[in-house]
Amino acid sequence: MVEAMPTVELISTLLIILPFLAAIACYLIRGSGIRSIVVLTTGGVLITSAVLLIALTPFSLSPQPFRGVSIHVMVQTLDFLLLLIVMYFGFKNRHNAIKGLAFFQIIFLLYFEFFLFKDKQDTSTLYCDHLTLVMVLIVSIVGALICFQAIPYMKSHEEHLRLKKTRQDRFFFVMMLFLGAMNGLVLSNDMLIFYFFFELTTLCSFLLIAHDGTKQALKSAVRALWMNSLGGAAFIVALVGIYRETGTLELQRIILSGDIGAGVFLLSLALLCFAAFIKSAQFPFQSWLLGAMVAPTPVSALLHSSTMVNVGVYLVLRLAPAINGTFLSQCVALFGAFTFLSAAALAVGQSNGKKVLAYSTISNLGLIFACAGLNTPESIVAGMLLLVFHPIIKALLFLCVGAIEQHIASRDIEDMRGLYADMPLTALMTVMGVIMMIMPPFGILLGKWMAIEAAARNLYVIIMVALGSALTVMYWARWAGTLMSDPFAGRFKPERQPFLTWEALGSLCAGAGLLSTAAPWLYTHMIVPTLSRAYPPPYTTQNGILENPYGVFAVFPLSLVAALGFVVAIWAVKKAARARVVRPYLSGVQTAESGVFTGPMNQLVKAEARNYYLSSIFGEKKLTTWINLGAGVLLTLMVGGTL
Amino acid sequence: MIDSAVFILIGLAVGPLLGGLVSGLDRILTARLQSRIGPPLWQPFYDVIKLWSKEKTAVNVWQAFCVYCYVAATSIALVLFFLRSDLLLILFIQAVGAVFLAVGALSSTSPFSQVGAHRELLQILSYEPLLILVTIGVFLETGSFKIERIYNWNEPLLMKLPFLFVVLGYTLLIKLRKSPFDLSTSHHAHQELVKGLLTDYSGSFLALTEIGHWYEVVLLLGLCSLFWATNWIGMIVIVVMTYLIEVLIDNVSARLNWRWMLGYVWAMGLTLSMVNLIWLYTS
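Chains as they are written, first to last, in the numbering used here: chain F, 695 to 1337; chain S, 27 to 309.
Excised from the complex, chain S in its bound form (with noise of 0.2 Å):
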């Protein structure tokens, strides 16, 4: 019960704390790659609490009802993470946040959060799928769903799973918003679309979307470390190179349509996992 809350206030923690520094992180990173200086290492929390200080205004008031139910469900998905919970269950719970994300961008009228909101509904058709299919991997390797019994599996998930690994690095893109991926909504403005789908998202609304988000990063971090989870060192490996590998595609490509996003994303995803999963079938 003691180990249960602690766990709970560390998951409800370290999700802002780790996500601000990852974004912070990944902002210098950027900014080096393109010969700038780049932002303080504690930047996105300036950010955060500027923006919580605005004046509140709101275009429709379901939009806070949204957002604070974005950030509650995933929290929660963190939290349940932190508990070593079921792995499916906290996909589902995940995909709650990103479905009230877009429908607070849906509740406004502006046609830029329409579109964005769109195009982030497109972003969930493209990844959620591929979420679940890394998860069946996972289940058929190690026999179980419960993040315990596969934090201590005693061989390396990436032995066995190698293309389910990138399938996981294809739905990283699209939720931390990288290019060529970074369709609904990007960490700069757009050329077509200005916020996409947080135009209309403003005020301390606008900086819980950013505490939600960290703590959807820090949810898939957890899930790439699933991959190598044998020691400490393996599990930070992974997880630092895959998001360094992150931020140079970023770097090195353009945004695409959702037209190609779908497509791509569905057949070289289907595709991998298929290959992977059925070698998991037959050994």
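In isolation and in its complexed conformation, chain F is listed as follows (with noise of 0.2 Å):
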């Protein structure tokens, strides 16, 4: 372990405190050339010193008091003044929800503070190993890329709009705001300090939500604060029920103390379960996400696929070692199970595609709760692949999107037919996002078959997780022919485009793909240092082949295979380019237009056909109120179950 060194120090404080610097700038800033320079180079900063992390991890670090004041007061400060914060909202908008439970969380924060916590000057406050690594690096390098596509990406918004003044000034505060509260959030040790990040991030969601200040904007953006303020209230209820317990606040001595048998703290776990579950959308809390996809597409790529929704995860796959072998675990892998399974059906019944994706989001974090549920030292790593995994892959899918729908005007999968004709990359790069999504031997499914092979022991889980894997295979496959659907096109033209969008793609898709082949690597260098301390390391890597007793993933060979198959399989797609084209059958005369053939009469007909969407079976309005109850009872279960 390294001890606090002043290379370390440097870095955390440009990880966490940089952004928000970088947010006060962008937001005083009135240029937008000064505004973009300042963007990009917080952007490059955090990249660096990411990267730089990884030669130091692991490290713990308490910071010295600045100034005199103490870290905790500081943010305990915060901590208030945020809760005002929210509460204003709460009055702004007229909603008691959101009122009450900024009043609640006052209240708790007051008798913890004042009633309960005593100062003891040995808590460690930054704690970093190589899962705090691993969510560092996707926020600063997907986040980074995230907000560099945003800078053309809102300037064409904002002239879609026609607004007169610019909000970008207040758009990338909140986006900077962001990037420094989740490597805050990721990096605390301190549980007060998790909170206080954790409800910062609940902030600027909903900031950003209500962006575009339209009346559809500010109803889920309200939604969206008060159901993640529920989140917070059981979050700080907790904080105190574990506190009464074990007397400390310290994640990685809580996560340690062992003491399972206590009611209390077996309660207060249930209860950060719970607010897990709502900061990553989980049924019955999915409203919230789904109503966040009304804001602009970086937002939704930024906070609500690849980074603010995974601290849920996160939170959880951290708590897994408390809660191993107990009933809260069992519930936990089951409601994940379920939630895998229900958001694949409804994706299913979808054809808009940012409900698509938002509904795949929520479908594969439930994936990784179940694997943190199931509490094997397997299913652990499945689920720290999918959380590396996924994130930079929904991130690419969700920029594919905001690219065609600011070019076609429409985010309708119907619309998307034959969108490569018009922008064969971009459409390329989508399908590309699909394939890894999956196909072997992408990281996705690698994380799929450890889940599999993990839950196999588990009856209910690995009922819901096969039928789950299945719908996902089903509305993925659809989505990619639809895109390749229709013209012939022999020659391909790179559309035109920003070059920060091509950049941000390019490397997302890029990256997933050669993170994908590395996958034996980052299992050894980033999985195996974590799990030491609760479960051995469960396979072995030999020539690039994943082992255990039961199972094999020969990563690289097959990797090599499949680039085998993919240059072949261009090289046919040249020689089809050579080949005589043909119309579609219609069965009738064929015309020159594509899609019309002469029919009685000697009328033109023209023939069409439409995805299969099957509403009557997974439409929103047949399944939704089943799965919220089944959601709610599985809840009800979880945390009753402790008691």
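It should be emphasised that the hints constitute simulated quantities derived from the structure, not laboratory data.
Since we're looking at a predicted model, the values are computed, not measured.
Where is the CB? At the ideal position from N, CA and C, for every residue including glycine.
Accuracy of the hints is not assured; some may be wrong.
As the list claims (entries may be wrong) - Reference excerpt, derived from the structure (chain S facing chain F, CB under 8 Å, subset only): (1) ALA128; (2) ILE150; (3) PHE165; (4) SER170; (5) PHE171.
Can you join these two chains into the complex? Each is in its own frame, and there are hints to help.
Right under this line is the structure:
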């Protein structure tokens, strides 16, 4: 363990404090050029710092009081300030739940700070192991890339809205603030600081969803705020419970305290899981994430697919060793698997691209919860792999949909029919994203493979995961096929997009692909070091082949063969481009125009087909009530079972 | 190393050879059941050769991409089977092939292809979870997903997994595109959907879909053979019997719609799987 060195302090400061300063700069600077430079520089520094952090992990750190004021007091003050701001928004929007929940949290915080908490000097405020590192890397790299892409995106977004006065200062202020909050959250070991950043991400999310200021945006933002405030309330109650039982708020000590028998302690952990479920938009709280899709696409990509919603799964993966072997753990597994299945089912019924992505996010996060709940070494590895790969690929898909939406002014999958003819490169990258979501040898499937093998001994979980996987394949494959549908295109000519857009899309796409190949390395260098405290490493890696006594996944050989197959298939495309072009079969006399045939009485008939969305089975109207009910029952079971 | 190379070559060669022969036998058998004489045994090979020599035409270049990926995935799946690798991984790769075939059909605008592709996706949706559950059953009994271990198990799996074998039978019916599950396409042209999924695959691409299908058939028959792997005779008997029953069902039943397929296969398949899996958990 690296002792508190100046470099560690510097890097942590850069990761947490710099975005806050950049946020203020973004807010104050009027010129869009300078603002872009601030965003680009901050992003660059964040990426560099995160990469430098690799060499310094693991470490723990207790920053010295700043000008005589201890970190605890600072955070304490900011905590109250934050809750007052939330309360202000509650009053402004006349929402009783927000007001009530903020008040509730203030009361509990006051009770905690003035009646319960005894300041001990030996706490370590920051802690960074490899799980933290993975999260910091995702937040800093994926987050920075999304912010880069947001620069051209917001420019054309505002042109489209015909705004008189730019609101980008406010937008980038919150985006930067959010990056700092995320890094702070994952690095903090003191749960009270964790709680502060947890609430701060909630507030950022509210501000960004409301950004466009439309009626619907405001409605969605308010919904997100009250639901996440409920999570915050559960969190603070849990903190009080944990502190009373264990006398500490250090995450690492809580995990290792091992005193599972105690009812209040377990109940507190259950409440933390509950807060995590809300943050990750699990049923029955999915509506805040679905509503959040009204926000500009970079927001959806950053907060609602790759970082903020990951806080929930990160927290539960962290707590997994503490709940190992309990009924609570089983409930988490069951709940996660249930969400995985039901969100996948709802995604099948959707033709709105962004909604499909939202449901898919909920579904994948559910799978990670299931992995954490199964609590075997294999399942924890699976959960961490999914935690790494899902955000990258989901960010890619969101940014692609954003680019598509700005081009065709629709987010409906039906309107993306034959998009390849129009936007070949974006369409191809979207298809690549889809392939990486559902096909081996890519990372998500590696994780899913581990998850299924780990879930084999749990009947209910395995059945739900098996059904959910099949539904997942269905909605992704349908989308990919739709994008490539129609016009014969022999020549590949990429469309015009701003450089920053290509850079973000390209990096995410290539990064996810390369990282998939490097999965064995990722396993030995990032995941095993995190595991060693609580679980024995379940897999051996030799020649890039992951193996345990009952299963084997040859990552390197398969990647090699897949690459070879890809090259052959591309060669086939080149060859097919020279073949005679024929019109699709329409069961009538063909005309020169695609999709039109000469029918009876020499009339031209347009042939058209649309996708199956099976809304009579998988529609939101059919399923949502029942799924919410089921999730409610499972949650009651989970929390009640600890009493 | 040499061993692996031999197995890889066997896998690559046996797939089309055995698959084609099975297809030829199937056609003769079906003809006899319908009081016809049927084509010669080697007819499927003649068909493929003839298709290959046709002029190359395409509705969309990405169809070529998809069909090559289909053949690549199905052949890799079979090779991994011969290398006695991980059963679950093999199923995943097999699914890749199936998805690419459907995506290739979706890349044509012909409504026949489109509807065929969607039905194919529904077929995948119907059988994929069941295949995973069959694998889980095999794992619970033998303690391994590795085929090597499963083949060395000293008791026929059929004894402990009878219901899961029936479930595998369902998936085989769907994968072989036999009635009542020949929704997306079938050997003969459809009344309502022409050739469905395969409508716009032509020439060498159509030949490749046939070859990919042969790999799949051999893989699935390999899965059946796992259920009586204690000796060669048992393996052959179980595979032949299963296939005969499949052909018989094909000939005595009519095509049904996807609603029925999804409902029936999930209801029956899940019930049977659950019962069988619960036996395994309790024992």
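These are the hints, each one checked on the structure:
| no. | hint | result |
| --- | --- | --- |
| 1 | ALA128 | holds (6 Å) |
| 2 | ILE150 | holds (6 Å) |
| 3 | PHE165 | holds (5 Å) |
| 4 | SER170 | holds (4 Å) |
| 5 | PHE171 | holds (4 Å) |
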